[in-house]
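J.: Model the full assembly from the supplied sequences, consistent with the hints where possible.
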Amino acid sequence: MIDFISQPWPWYVAGPLIGIVVPILFLIGGKQFGLSENLRHMCAMLPGKAEFFNYDWKNGAWNLTLILGIVIGGWIGTSLLANPDPIGISDATKSDLALLGITGFDGMLPMDIFSFEGLASMRGFLMIVVGGFLVGFGTRYAGGCTSGHAISGLADLQLPSLVAVIGFFVGGLIATFLLLPIIL
Amino acid sequence: MTASKNTIGRLLPYLLVGIYFGIIFTKSEVISWFRIQEMFRFQAFHMYGIIGSAVVVAALSIQIIKRFNIRSFDGSEINIPPKVMGKGTRYWLGGIIFGLGWALTGACPGPMFALVGSGVPVMLVAIAAAVAGTYTYGVLRPKLPH
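Quick note, the sequences are listed as chains A and B, same order.
Going by this note's numbering, the first sequence opens with residue 92, and the numbers climb by one from there.
Going by this note's numbering, the second sequence opens with residue 549, and the numbers climb by one from there.
Warning: the hint list may mix true and false statements.
[What the hints assert, rightly or not] Cut-off 16 Å, straight-line C-alpha distance, at most; resulting in silico cross-link-like pairs (EDC-like, lysine to aspartate or glutamate):
1. B:K631 <-> A:D247
2. B:K553 <-> A:D247
3. B:K614 <-> B:E625
What the hints contain is simulated information worked out from the structure, not anything from laboratory work.
Computed from a predicted model, the values in this text were never measured in an experiment.
T.: Structure representation (structure tokens):
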């Protein structure tokens, strides 16, 4: 059993397990699934804030607790349930990335970039700091992220969410095919 | 909900849901920068299958909740607020900005936290940058087209 769950989980197992959380959160306390709200709550904890953050962040304590759980779950998933094999991405992706100079496929991400040493390099700074900033800015501007728009929003057949998700892909394709070849 | 209701008993279910998520995010490799690249390069079905099947399961559940007027465990009505389209600028423009960041960091807000737990502490810097981005949006909000 532990061998089985230590393998990478296929999409048809992981997807439904993620989707079912949407009704579970509604049933537990009428909460809507959306993880980027937490970034806003963290801003609301800061002093001297803008109007947009002028509310009691403790109303979002449930969601902050949820992401604390995600940190713990991330640790369990990589330690207790560790998969010893390199990541099983397609050969096409491996060879495309190799052309951009990425050769290590041992972890979840290119560790030479996503490390504190990597952060000091230009590409590390652009991918971690600038990328992170754009995620935080864009998600609040759009009013949601992958969870709030692509999952909760699309599941509720919200047209604005579809527009946002198309935007996610336009941005992602620009970064993948235009920016990353320059950065890497 | 007021702060006084934030008791351990009330928050515990969310901690458990979070742990459950963290394990799924990690074991399905959606926290992987490589998987996000594979998705944006259309070279595997994996990420599309995960997001697609999550949407199908969530959509069916929401239909059941609406159709049968199901209430939450504490008996209150479940309200799913519709999103307001307006001019739509915020959705496509904000979406594109988010997408740029998603492909660069290879992580959206949930997986960023899972990565911290899975031994990529530099993701704390990405999270701090994301908080700074959200803060910047909050400051500029009155001037931005929505």
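J.: Give a verdict on every hint.
T.: Results of checking the hints against the structure:
1. For the hint linking K631 of chain B to D247 of chain A, the alpha-carbon distance of about 10 Å falls within 16 Å, and the restraint holds.
2. For a cut-off of 16 Å, the pair hint linking K553 of chain B to D247 of chain A is broken: about 28 Å separates their Cα positions.
3. Proposed proximity of K614 of chain B and E625 of chain B is supported: the alpha carbons are some 10 Å apart, at most 16 Å.
Hint compliance for this structure: hint 2 alone is broken.
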